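Each chain, written out:
There are 2 protein chains.
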Amino acid sequence: MLLKRQKSEINLNPIQRGGILTKEGREALIEFGDGYAIYDISPGLEIEDIPVIKDFLEKELPEFLESDIAKFTLGAREGIFNVMHCITKPGDTIIVDGNRHYSTITAAERCKLKIVEVKNSGKPDYKINVEDYEELIKKHKPSMILLTYPDGNYSNIPDAKKLGKIAGKHKVPYLINGAYSVGRMPISMKKIGADFIICSCHKSMASSGPLGILGAKKKWEKILFKKSELVNKEIEFIGSESRGTSVATLIASFTKIKERIENWDKEVKKARYFSAEMEKLGIMQLGEKPHNHDLLFFEAPVLYEISQKHKKRGYFLHQELKKRGISGIKPGLTKNFKVSTYQLTKKELDKVVSAFREIIEENL
Amino acid sequence: MLLKRQKSEINLNPIQRGGILTKEGREALIEFGDGYAIYDISPGLEIEDIPVIKDFLEKELPEFLESDIAKFTLGAREGIFNVMHCITKPGDTIIVDGNRHYSTITAAERCKLKIVEVKNSGKPDYKINVEDYEELIKKHKPSMILLTYPDGNYSNIPDAKKLGKIAGKHKVPYLINGAYSVGRMPISMKKIGADFIICSCHKSMASSGPLGILGAKKKWEKILFKKSELVNKEIEFIGSESRGTSVATLIASFTKIKERIENWDKEVKKARYFSAEMEKLGIMQLGEKPHNHDLLFFEAPVLYEISQKHKKRGYFLHQELKKRGISGIKPGLTKNFKVSTYQLTKKELDKVVSAFREIIEENL
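Protein chains in written order, with my numbering: chain S, 1 to 364; chain U, 1 to 364.
These are calculated hints, taken from the structure and not from any lab test. Please note that a few of the clues may not be correct.
Note that identical chains are pooled: a pair holds if it fits in a single copy or bridges any two copies.
Result set (DSBU-like, lysine-lysine): computed pairs, CA atoms no more than 35 angstroms apart in a straight line [what the hints assert, rightly or not]:
(1) K233 to K123
(2) K226 to K123
(3) K169 to K112
(4) K139 to K161
Please read these numbers as outputs of a predicted model, since none were measured by experiment.
With the sequences and hints as input, model every part of the structure.
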């Protein structure tokens, strides 16, 4: 069956911007597209023992994350589950931020955990005050705490380092969900003082999917990587987590990933510029301001107003943008929507702002 | 970093032969290589709701597997874990065949299950007599039974249908691990009488990896796909299992997969021919004879004898084959090794046999 993408000149979809393959990643995709092609790097070796992969897991990734150890996972959510499954037991309580991704909840429920959420500050900032964890830690004695850094809605950057100190003080294992940070912006597990860091390679690391990374402190190695006595393979990872095309694309893209995080300041500057330009059109950015991430959540009463009278209803915005070569805002949405400015040029962002201006002027 | 495959004219690696992309699969690979490109089929829809994917999961796959329902998993082993995790509880006993893959053991240990194995018949056939399950079922009252069909060592095809009757009689949930069958040979969950069937797309379904499929009877739907009340997403699959490039390659390859299983008779005939020709060289095929699968396990005392005197020791075989454009036998192995004849032509197999003949004649 023929499957085709609906492509556009400018794609604003926050879930896609960080996962666009580099040239090198695309070459690896083509080279390693067949099912188990990865075995052809060093015939006869287990994947984890292939020198380039072993080196990547044992040196490159821990250096990059400033973790002690690193492991491929099947995705960010699976990495979160791996940790929860290894260090908690059914009935335990965990504390998570109120901006957490839904998969944090399903992973915890899959482990039969009780979940306590740290509320955000509500509209318009939706901020997480990490100091709020402390009371809850004292009250619930959690098996672990989790912080989404940043979250995928408002993409607020909470004070992860301060939470690291609180976690250290109360000796609670601390997991950072970096699905929207690792691969985009500089981040150090060590500086944050976390026990675990979770990454999404298809979301933020210029890789094919699904693929995630788990970084951790050395002290968790034996628990996470415990081997079966019967078959001498790791139990939590069912023997092998890292098979497939995505691993090759990540390794191939990695040099460029390290380079691009050096330009994070420029990315933030662009996001702020875009946010300010959109606000001039009566489209308000929610979440932290000034903003510290390329993912932006907007509230657009002016577009909602148009949708109420337009014959295409809420779908007019998607269609009008599409006509202008712009995609990535969910069809049907007008009142609230998310975009990412990641790796778009100022010229492209200006084109997007102009498109919004035109659409408002033509339809209001 | 530049990653390259060591390619050869003829690759005999059993783990790779069924996962080679079709032309259509390769087109989908390139189209959907970026991280979350799959969202571009129908912008705004959840992956499971994209019509072509929904149709594939709800119609094409259940028809193909003769299951009631089907679901993508992150691989065969993850699918086995999904089932175990949903239908057993820690401390339960399961019964598996002695030829099971190591990941059956790690998946069970990850669920804290007790494992009872049905022994195989030992050398030279290593057959599983499915009638042996019945006594063990009576004795251990297992939460589920598992049969590897075929196993990845001797690739024996056990009497899965007979075990279906035994499972039915004792009302024990019955899982078929079809990682080496689904996508290669005709197989029907319904005819076998199994509750679950597990597939490996990167191993046997001309797909990029990692990707698996879980087929199941309707009666397990509510248990497997139970949703979180907090976030309205499936708990066992942490909200979404089917994201990524591999899904696109599978769907694109699927028409060819359905066609190729119609030629299974020819594949078996080729495997038997190859086995007989190798035996003429003093290389014995272990496992069922006549053989019923493309994966063949050989015992080659003659090659082992050479390795004892050769300056390259056990590595001579790999090197001699490589010189002749043949790969896929693990470097270092001579006494026992596995190959697959899947989708190789008779001419190619003759070339392989000639190579072995030459290597023996030149080195003995």
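Verification of the supplied hints:
1. K233 to K123: between (48 angstroms within a copy, 25 angstroms between copies)
2. K226 to K123: Classified as between: cross-chain Cα gap 32 angstroms, same-chain 44 angstroms, threshold 35 angstroms.
3. K169 to K112: both (26 angstroms within a copy, 33 angstroms between copies)
4. K139 to K161: Classified as within: same-chain Cα gap 22 angstroms, cross-chain 55 angstroms, threshold 35 angstroms.
Hint compliance for this structure: every hint is met.
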